[in-house]
Amino acid sequence: MKLRKNVMLMIGILMAVSLPMLLNCAKKEVGVTEDEILVGVWSAQTGPAALWGAVARGTDCYFKMINDEGGIHGRKLKLLIRDDGYQPARTKAVVKELVEKDGVFAFVGGLGTATGMAVKDYLHANKIPSIAPATGSQLFGNPPTRYLFTIYPTYTTEGSLLTKYAVETLKSEKIAFFYQNDDYGEEGLKGAEDRLAKYNMELVAKVSVEITDTDLSSHVLKLRESEADTVIMFLLPKQAAMTLKEATKLDFKPKWLTTSTLSDVDVMNKITGGLWEGVFFDNWAELPNSDHPLMVKYREVHKKYAPKEHWGVFFAAGFVFAEPFVEALRRVGRDLTREKLVEAMESIKNWNGGSTHNVTFGPNLRQGTNSIFIGKCENGRAVRISDWMEIEQ
Amino acid sequence: MLAQLIVSGLAIGSCYALLALAMVIIYKTSEVLNFAQGEMAMVSTFIAFMLLESYHLPFALAFVLSLVFAFVLGVTLEFIFLRPAKQPTVLGLIVITLGFEMILYGVAGWKWGAEQKSLPFPIPDTSVYNINGVIISQLSVWTFIICLSLMIILFLFFKYTKLGIATKATQQNQIAARLMGIRTKRIFSLTWGLSSMIGAVSGLLLAPITTLDPNLMMDPLLKGFASAVLGGMTSLPGAALGGGILGVIENLFAWYLGEAGFVFKSVVAFAVIILVLCFRPSGLLARHYVKKV
Numbered sequence: 001m002k003l004r005k006n007v008m009l010m011i012g013i014l015m016a017v018s019l020p021m022l023l024n025c026a027k028k029e030v031g032v033t034e035d036e037i038l039v040g041v042w043s044a045q046t047g048p049a050a051l052w053g054a055v056a057r058g059t060d061c062y063f064k065m066i067n068d069e070g071g072i073h074g075r076k077l078k079l080l081i082r083d084d085g086y087q088p089a090r091t092k093a094v095v096k097e098l099v100e101k102d103g104v105f106a107f108v109g110g111l112g113t114a115t116g117m118a119v120k121d122y123l124h125a126n127k128i129p130s131i132a133p134a135t136g137s138q139l140f141g142n143p144p145t146r147y148l149f150t151i152y153p154t155y156t157t158e159g160s161l162l163t164k165y166a167v168e169t170l171k172s173e174k175i176a177f178f179y180q181n182d183d184y185g186e187e188g189l190k191g192a193e194d195r196l197a198k199y200n201m202e203l204v205a206k207v208s209v210e211i212t213d214t215d216l217s218s219h220v221l222k223l224r225e226s227e228a229d230t231v232i233m234f235l236l237p238k239q240a241a242m243t244l245k246e247a248t249k250l251d252f253k254p255k256w257l258t259t260s261t262l263s264d265v266d267v268m269n270k271i272t273g274g275l276w277e278g279v280f281f282d283n284w285a286e287l288p289n290s291d292h293p294l295m296v297k298y299r300e301v302h303k304k305y306a307p308k309e310h311w312g313v314f315f316a317a318g319f320v321f322a323e324p325f326v327e328a329l330r331r332v333g334r335d336l337t338r339e340k341l342v343e344a345m346e347s348i349k350n351w352n353g354g355s356t357h358n359v360t361f362g363p364n365l366r367q368g369t370n371s372i373f374i375g376k377c378e379n380g381r382a383v384r385i386s387d388w389m390e391i392e393q
Numbered sequence: 001m002l003a004q005l006i007v008s009g010l011a012i013g014s015c016y017a018l019l020a021l022a023m024v025i026i027y028k029t030s031e032v033l034n035f036a037q038g039e040m041a042m043v044s045t046f047i048a049f050m051l052l053e054s055y056h057l058p059f060a061l062a063f064v065l066s067l068v069f070a071f072v073l074g075v076t077l078e079f080i081f082l083r084p085a086k087q088p089t090v091l092g093l094i095v096i097t098l099g100f101e102m103i104l105y106g107v108a109g110w111k112w113g114a115e116q117k118s119l120p121f122p123i124p125d126t127s128v129y130n131i132n133g134v135i136i137s138q139l140s141v142w143t144f145i146i147c148l149s150l151m152i153i154l155f156l157f158f159k160y161t162k163l164g165i166a167t168k169a170t171q172q173n174q175i176a177a178r179l180m181g182i183r184t185k186r187i188f189s190l191t192w193g194l195s196s197m198i199g200a201v202s203g204l205l206l207a208p209i210t211t212l213d214p215n216l217m218m219d220p221l222l223k224g225f226a227s228a229v230l231g232g233m234t235s236l237p238g239a240a241l242g243g244g245i246l247g248v249i250e251n252l253f254a255w256y257l258g259e260a261g262f263v264f265k266s267v268v269a270f271a272v273i274i275l276v277l278c279f280r281p282s283g284l285l286a287r288h289y290v291k292k293v
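So the sequences go chain by chain: A and B. Reading the first sequence from the start, the letters are residues 1 to 393 in our numbering. Reading the second sequence from the start, the letters are residues 1 to 293 in our numbering.
Keep in mind that the hints were calculated from the coordinates and are not lab data. The reader is advised that the hints may include incorrect statements.
Stated by the list, open to error - Pair by pair, the computed Cβ-Cβ distance ranges are: (1) A/201 to B/76: 44 to 52 Å; (2) A/380 to B/162: 50 to 58 Å; (3) A/114 to B/270: 17 to 25 Å.
Even for Gly, the Cβ is constructed at its ideal location relative to N, Cα and C.
The task is simple: from the sequences and hints, build the whole structure.
This is how it looks when you write it as structure tokens:
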């Protein structure tokens with residue numbers, strides 16, 4: 001009798017333990033419930049890179065718009081933003097927490113190069129999709145890894161195409177390169193040098209600057225001495241503003257070309273006191289203030305949900321980074337798993353349903369876009385002045 | 001070209017010098033290095049920005065009010081954070097200033113955001129004087145003049161006024177000074193307020209050259225510190241001289257070493273600190289004094 005009682009008890013315990021496990025199986029995928037998809041993002045909300053924290057808040061705003069339109073196959077998107085202060089060690093901690101405690105389904109728009117590199121292997125090992133990290137470093141799309149998709153054209157692409165535009169359209173003969181001494185600047189420099197080599201040309205000067213430098217007088221003197229007719233800048237807003245002020249003082253007036261990072265004409269004009277007029281920049285997504293139907297719609301969403309945020313290139317980028325992710329979710333359908341998301345991402349080909357150009361992924365292709373266009377600051381406004389330009393593969 | 005490099009170096013050097021002056025004032029009386037100096041100046045600059053942008057006060061008034069704020073901020077820091085410290089060691093006090101630095105940095109990011117702002121300044125940074133091809137901006141000229149006059153005023157203050165002499169006495173021997181009837185605690189508060197004000201002036205002069213954001217003073221503070229070490233941590237003229245020299249060294253270094261020069265331009269300050277500490281620990285102008293145990 002006693003044995004039988006024990007056996008019954010054992011069976012009871014087994015059932016008690018296994019029942020929730022069975023139910024869990026019915027739940028199918030981590031971070032996906034009947035009516036919700038849990039998405040995570042690491043982002044600097046404080047510290048030296050807090051300026052870019054607007055990207056994650058933009059994505060949140062975009063998700064609210066999607067949810068208002070009925071969500072995706074009956075599920076609402078929920079974004080968990082975690083502040084890492086732009087410190088890779090903290091990124092590791094917050095991403096681990098999002099995965100192991102909150103149980104997110106995927107990551108979208110994780111901010112930064114060093115921060116993203118710190119969690120790249122961890123996410124891959126745990127088979128968690130990371131879509132469109134907010135960085136243009138080539139370290140993410142190349143070589144391709146299964147769960148990592150990127151849509152930001154690399155800084156090398158930006159450097160290369162800016163140089164192409166300078167030589168072919170602006171007829172520049174003496175090009176100087178002024179860059180921030182890190183991945184952002186160095187990858188851009190490589191793009192520019194490789195492109196110039198094709199025309200049998202060389203940079204007349206390359207000058208680097210540290211992100212903390214407060215005095216750019218000697219840098220700009222060096223640029224002036226090179227007698228460059230065109231200067232390509234891979235800088236952050238602060239240094240770019242100081243560069244233009246310094247150049248004005250020294251009466252140095254080349255054509256200035258710069259990256260999408262500095263395409264927020266409103267901010268740049270304000271902090272340079274109007275000196276930004278005439279500066280060329282590239283962008284890989286429609287301009288935030290353009291008449292493109294998506295941007296018109298996004299501006300209204302921004303007014304509704306986040307009227308206090310500055311509607312600029314970073315906040316708008318939060319929308320742009322999440323577009324392919326939402327498209328893939330739509331393609332997957334109701335039965336959502338991480339593997340199916342990856343397959344759906346891979347099925348995106350020459351997609352122009354978002355604000356970027358010809359997004360294309362494939363089984364071995366993780367760099368989604370390679371196109372930019374050129375814009376210019378005219379009468380204090382960002383104006384698009386070229387067609388899409390695509391890098392030759 | 002050499003002349004231009006030196007002039008540009010002196011221009012930024014006077015900003016370093018102002019911060020160095022601010023640090024020296026505190027160090028002179030309490031031997032504490034104030035790591036919150038930069039952030040105090042940054043917050044005061046933001047106050048000026050707020051008064052100008054949100055309340056549309058005339059610049060002179062906003063300038064004065066932000067200096068008053070800076071003074072109060074300095075006194076408050078001394079009164080609320082440093083004074084209650086039990087049996088403080090110099091190191092303990094320095095750590096408190098570090099904590100205060102982080103609080104101010106966080107508050108500024110929360111209140112004013114991380115986006116670059118432009119401080120409307122009556123003297124534009126882009127209008128220049130051109131003397132035989134050497135270019136200097138009006139703002140730089142004013143910075144230089146302000147820096148020099150503040151240094152002279154402070155020098156005279158410490159040398160000839162009763163309060164200044166009391167400050168000196170407090171620094172040399174706190175107990176004896178107190179026995180002589182000097183209210184040493186008040187002296188400390190005063191020096192913190194004074195130093196905070198000078199820091200604010202440098203913030204207000206730097207913001208139009210760079211842009212205004214919570215990181216405004218990060219780099220200048222380190223340079224100010226290096227200038228103070230170079231000139232001698234206890235010497236006011238030394239601090240001003242140190243700032244000027246550092247600005248020029250940086251520029252010449254970057255220029256003549258070419259590409260590598262620019263990479264290491266901002267590191268030169270640290271090399272200067274190390275060299276000075278190795279060969280002349282008391283700095284260029286300070287007298288070396290040995291404390292008797």
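Now for the hints, and whether the structure bears them out:
| no. | hint | result |
| --- | --- | --- |
| 1 | A/201 to B/76: 44 to 52 Å | violated, 59 Å |
| 2 | A/380 to B/162: 50 to 58 Å | holds, 56 Å |
| 3 | A/114 to B/270: 17 to 25 Å | holds, 22 Å |
Violation of the numbered hints given earlier is confined to hint 1; every other hint is satisfied by the structure.
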